[in-house]
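A.B. asks: Single-letter residue listing:
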Amino acid sequence: MIQLHNVSVTYQQDVCALSGVSLMIPRGDFVFLTGASGAGKSTLLKLLYAEIAPSHGQIIIDNQNVSRLTRSELPYLRRTIGIVFQDFRLLPNRTVMENVAITLEVLGIGRKEIGERVSRILKQVGLEQRMQATPCRLSGGEQQRVALARALVNEPKILLADEPTGNLDDENKALILSILAEANCRGTTIIVASHDLRLVAASNKRAVTLERGEIREVHDEPR
Amino acid sequence: MSHAKFKRRHVSGRGGVWGGVAYFFRRTLLNIRQNLVINLLAVVTITLSFLIVSLFLLVFVNLEGAGELWSEKIQVTVYFDRELNEKEFIALRNLIMTLEGTDTINYVSKGDALKRFRTRLKGQESLLDGVPPEVLPASMEIRLKQAFRTSGAVEAYVTRLKKIPTIVEVQYGEEWVRRFNTFMNFMRFAGLLLGGFIALAVLFIISNTIKITIYSRREEVELLELVGATRLFIRIPFLLEGMLQGVCGAILAILILAAVSWAFLNHAGNFLIFNPQEAGLVFIPVTFCVALVVTGILVGFIGSLTSLHRFADQS
Ligand SMILES: Nc1ncnc2c1ncn2[C@@H]1O[C@H](COP(=O)(O)OP(=O)(O)O)[C@@H](O)[C@H]1O
Ligand SMILES: [Mg+2]
Numbered sequence: 001m002i003q004l005h006n007v008s009v010t011y012q013q014d015v016c017a018l019s020g021v022s023l024m025i026p027r028g029d030f031v032f033l034t035g036a037s038g039a040g041k042s043t044l045l046k047l048l049y050a051e052i053a054p055s056h057g058q059i060i061i062d063n064q065n066v067s068r069l070t071r072s073e074l075p076y077l078r079r080t081i082g083i084v085f086q087d088f089r090l091l092p093n094r095t096v097m098e099n100v101a102i103t104l105e106v107l108g109i110g111r112k113e114i115g116e117r118v119s120r121i122l123k124q125v126g127l128e129q130r131m132q133a134t135p136c137r138l139s140g141g142e143q144q145r146v147a148l149a150r151a152l153v154n155e156p157k158i159l160l161a162d163e164p165t166g167n168l169d170d171e172n173k174a175l176i177l178s179i180l181a182e183a184n185c186r187g188t189t190i191i192v193a194s195h196d197l198r199l200v201a202a203s204n205k206r207a208v209t210l211e212r213g214e215i216r217e218v219h220d221e222p223r
Numbered sequence: 001m002s003h004a005k006f007k008r009r010h011v012s013g014r015g016g017v018w019g020g021v022a023y024f025f026r027r028t029l030l031n032i033r034q035n036l037v038i039n040l041l042a043v044v045t046i047t048l049s050f051l052i053v054s055l056f057l058l059v060f061v062n063l064e065g066a067g068e069l070w071s072e073k074i075q076v077t078v079y080f081d082r083e084l085n086e087k088e089f090i091a092l093r094n095l096i097m098t099l100e101g102t103d104t105i106n107y108v109s110k111g112d113a114l115k116r117f118r119t120r121l122k123g124q125e126s127l128l129d130g131v132p133p134e135v136l137p138a139s140m141e142i143r144l145k146q147a148f149r150t151s152g153a154v155e156a157y158v159t160r161l162k163k164i165p166t167i168v169e170v171q172y173g174e175e176w177v178r179r180f181n182t183f184m185n186f187m188r189f190a191g192l193l194l195g196g197f198i199a200l201a202v203l204f205i206i207s208n209t210i211k212i213t214i215y216s217r218r219e220e221v222e223l224l225e226l227v228g229a230t231r232l233f234i235r236i237p238f239l240l241e242g243m244l245q246g247v248c249g250a251i252l253a254i255l256i257l258a259a260v261s262w263a264f265l266n267h268a269g270n271f272l273i274f275n276p277q278e279a280g281l282v283f284i285p286v287t288f289c290v291a292l293v294v295t296g297i298l299v300g301f302i303g304s305l306t307s308l309h310r311f312a313d314q315s
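Read top to bottom, the protein sequences are chains B and G.
Heads up: the first sequence begins at 1 in our numbering, then just goes up one per residue.
Heads up: the second sequence begins at 1 in our numbering, then just goes up one per residue.
Please note: incorrect hints may appear among the correct ones.
What the hints assert, rightly or not - Computed, partial: chain B to chain G, Cβ under 10 angstroms:
#1 Asp14
#2 Met24
#3 Gly28
#4 Ser72
#5 Pro75
#6 Ile81
#7 Arg89
#8 Leu91
#9 Asn93
#10 Arg94
#11 Glu105
#12 Ala151
#13 Asn154
#14 Ile179
#15 Glu182
Stated by the list, open to error - Derived EDC-like pairs: lysine to aspartate or glutamate, alpha-carbon spacing no greater than 16 angstroms straight-line:
#16 G:Lys115 x G:Glu125
#17 B:Lys46 x G:Glu222
#18 G:Lys162 x G:Glu100
#19 G:Lys110 x G:Glu86
#20 B:Lys46 x G:Glu225
No lab work stands behind these hints, which were simulated from the structure alone.
For every residue, glycine included, the Cβ atom is placed at its ideal position computed from N, Cα and C.
With the rest of the complex left out, here is chain G (with noise of 0.2 angstroms):
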């Protein structure tokens, strides 16, 4: 008569809550153990491709650190007529300052310039015998900050500069920054595209693997639909064990691309050119290797319950 008869009832689980997070717990791990090669083959299979992404992550960080040390070259200097005293240096040194994007500034007085010059011409200085120190102008070396060593964010640096009417002359060796930006540009968007190719790549390779793991347990779902399990009660050891390789696949391949590195920085010098460490060779930052582990237990969870949708909706 009571229509509700087989709606929601609570069921009296002598557990509580408590019980039931420790019983998905086990289960999940008796799962894995009761199906360990299918779950090795996955775990396996999602470290490989986590080791692509690491390893690309891992060549994108140094060439962005190699691109920002040469960005350092991108320097403005300007030079003066005359050599500044004391109180006409500190002014403009002052004005420029407050100039957005100035981050350094180095002057060099005539004498500063001569003595550069000299070591220059090392082996030759006998060149400069008897020329006097006055010859070459007097300038101020200015570094400009990460964000301003683009190209037009250094013509327009330059244009504020030139309005100062101390400065007689601006250089900043404007055809090495337009082809260094171009280089640049060109290296983050072939990276960028890879590294989507790479993730869609994974990401498909990933949710794959965990639907092969479900299928073959597509026995077990159907046998627990039919004595009562609901959809929750079933899915969720599957999406734990999905988590569960997910995570484990991103720290192995993280831990094992650690290893590599660090074995490649401490040996390559005996086969290598150049010293690695010297290079400012760096691992992949911290915050990149959570993002990796967070990725892993989102495909995880994503490629278990997608693999479950599809598995529900067949049968």
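Pulled out of the complex, with its shape left as it was, chain B reads as follows (with noise of 0.2 angstroms):
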């Protein structure tokens, strides 16, 4: 489970990012973050995987205050989290094999399981022909999968995709949203920031629109 109670983030002095924020997304969730580009989406997750602290208020994912968190306990959290970055984060200099293999590596596991479970979720996401290319010779949408088969390859209790759909078309939009309905299936909370409210609605999922900092409401999905 994840709360927040009445987190603010403020940048630089004045530009408060996110004001007086509370939110309860229960385990195996699947939730819309909404909002305009610059209404604080990206600020909430980068909260939830300590890239940033909030000025004020409490993150507790599993009853662990993640501001409470210490150098060397950070990364155990990170394990449990799975991360699609906007910008990817592809490192260019390795293959797509490689890039899906460092959130494994990481955990210590042998070379052996590592390629097994690597081809297996490439083969998921449909890459299983570009293992051995590096990001620059993939499309948009390929690097979009590369980066959600990172994220989803050690099975993270929680999956946060940051606009994992923008620029995208409409079949690798599909494409991604069944992906994480099939990883939320297995029990992973997903929470998706987008601004894209035409997906969010078609989507039928919870929704929580920010709108400069604040939240304005929260959508429940319709039964």
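Could you fit the two chains together into a complex? Lean on the hints.
C.D. replies: Have a look at this one:
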């Protein structure tokens, strides 16, 4: 379970990216964060994996106060969270396979098992043919799927995706959503930041709308 | 509820400890291959730096060697007013041998002295015709041990020598010894200073080179942090890479210098007026070579570590 209590984030003095946000996301949930660009969606995700710290308030993930984790504890939180970065953050010098393997190497898993698991997830995202390619040889949609595969390969408890369908064609959007839905079925809590209202509406999931750093409305999934 | 949920938890790596070691070495080699250009640049820079250091060492070692050779000319000559008989000679020699600092003793009888003088007057030996052999005094030439070839030590030695009653006069070329010592001390001082500057410059260059190789991969470090790599996990490959660069640089520098000085020793006769082999030129001693390689490893390690430190502080 993820809880935010009255969280505020202020970047350099005046830029208030989030103010007084309280939110509860139960385990196994699939929730969209929406809002115009600049509303604070990415900031909220960054708080969850502790790339930034809140100026005020508490963030609690599975009864752990994220801002109280020490530097040596932080990696163990991050291992339970898969992240799809808005700019992918794929390493240009490594192949698709190596990029995806990073998440498993960090866990100290043996080489053979890594090979098997990476092949499996790449097949799932439809990239088994591109395993030896470097990211710069891939299309935007393919890079997006590599990033998704890297985030999902260690079967994290939580998946955070920042605009995972930005700039993609409808076919790719649908593919990504189906992969996310599948992970959700296997028990992963999924939080997707997206400004694409059409996509959010079509997905029939819970949606939290941010506006200038505040929660404007929480839209529960229609039954 | 349990506050230790995200704390260190031993991960069941299938590979075990050796799997981990193998992983880090494989990762390091892959990193080098995947960042080949910058790694080559780093190794070239480190090689050139170590080449400067080892060339300096080579010159220094040979100057010291030359100094040592010259210092053998420092010898103390003891004169007697008469020829010593066998018993007196042995007694005196044993006495002098017990003096601290004595290396070897060479007895020059009156006859020997005249013979030497004669050879020095080559071509004009006739000048000495009719000169009786008793004219020149008999003497003992004492060569001192290496450590006793300084002005102060020679003086102290001579003072002790003069206390022996049979000895009439002692000579040791005071002026020459003093000048020689001044020169050697100056050379060592200048060498140390120059060596110090070179070492500092080289350390600076190498650590900056390594810093550049690490900075060029900051996104890799950042990503690893975000997917939950521990600090050690991130650092080990970089440290290994830095050490490998240092080792390669040091070894390459020594090999290049060895090749160049070998070529020099074998072909210098063609364009130099002296023969460097006869002049006793030597290569850097093995211990220095080992020290250079160890320095390479250390500088690589420390350079990587400090870069990673500064790097982590910024993010
Ligand atoms: N690193 C930063 N430094 C300063 N201001 C930032 C930084 N990141 C984001 N902001 C500001 O915070 C606000 C929210 O940004 P963000 O969370 O990226 O919004 P979104 O992802 O919804 O588009 C914006 O006004 C943005 O300009
Ligand atoms: Mg954003």
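A.B. asks: Compare the structure with each hint and give your call.
C.D. replies: Hints versus structure:
The interface hint given for Asp14 (chain B) is broken, as the beta carbon of that residue sits about 23 angstroms from the closest beta carbon of chain G, more than 10 angstroms. Checking Met24 (chain B) against chain G: minimum C-beta separation of about 17 angstroms lies over 10 angstroms; hint violated. The restraint placing Gly28 (chain B) at the interface with chain G is violated, with a minimum CB-CB distance near 18 angstroms, outside the 10 angstroms limit. Below 10 angstroms, beta-carbon pairs count as interface contacts, and Ser72 (chain B) has one with chain G at about 7 angstroms; its hint therefore holds.
For the restraint placing Pro75 (chain B) at the interface with chain G, the shortest Cβ-Cβ distance is roughly 4 angstroms, inside the 10 angstroms limit, so the hint holds. A hinted interface residue such as Ile81 (chain B) counts as satisfied when its beta carbon comes closer than 10 angstroms to some beta carbon of chain G; here the least separation is about 8 angstroms, so the hint holds. About 5 angstroms separates the beta-carbon of Arg89 (chain B) from the nearest beta-carbon of chain G, less than 10 angstroms, and the hint is met. With 10 angstroms as the threshold, the beta carbon of Leu91 (chain B) comes within range of chain G, its nearest partner Cβ sitting at about 6 angstroms, so the hint holds.
Residue-level restraint check for Asn93 (chain B) holds (minimum Cβ-Cβ distance to chain G is 4 angstroms; threshold 10 angstroms). The beta carbon of Arg94 (chain B) comes within 6 angstroms of a beta carbon in chain G, closer than 10 angstroms, and the hint placing it at the interface holds. The beta carbon of Glu105 (chain B) comes within 7 angstroms of a beta carbon in chain G, closer than 10 angstroms, and the hint placing it at the interface holds. Because the closest C-beta pair between Ala151 (chain B) and chain G is about 9 angstroms apart, less than 10 angstroms, the hint holds.
Contact between Asn154 (chain B) and chain G, as hinted, is supported at the beta carbon level, the nearest pair being about 9 angstroms apart and thus within 10 angstroms. For Ile179 (chain B), the interface hint is violated, since its Cβ never comes within 10 angstroms of a Cβ in chain G; the closest pair sits about 18 angstroms apart. The closest approach between the C-beta of Glu182 (chain B) and any C-beta of chain G is roughly 21 angstroms, which is over the 10 angstroms cut-off, so the hint fails. Among the hinted pairs, Lys115 (chain G) with Glu125 (chain G) is consistent with the structure: their alpha-carbon atoms are about 10 angstroms apart, no more than 16 angstroms.
Only pairs whose Cα atoms come within 16 angstroms are accepted, and Lys46 (chain B) paired with Glu222 (chain G) is accepted, the gap being roughly 14 angstroms. With a CA separation close to 14 angstroms, the supplied pair Lys162 (chain G) and Glu100 (chain G) stays within the 16 angstroms bound. Our distance criterion of 16 angstroms between C-alpha atoms is met by Lys110 (chain G) and Glu86 (chain G), whose separation comes to about 14 angstroms. With a C-alpha separation of about 13 angstroms, the suggested pairing of Lys46 (chain B) with Glu225 (chain G) holds against the 16 angstroms cut-off.
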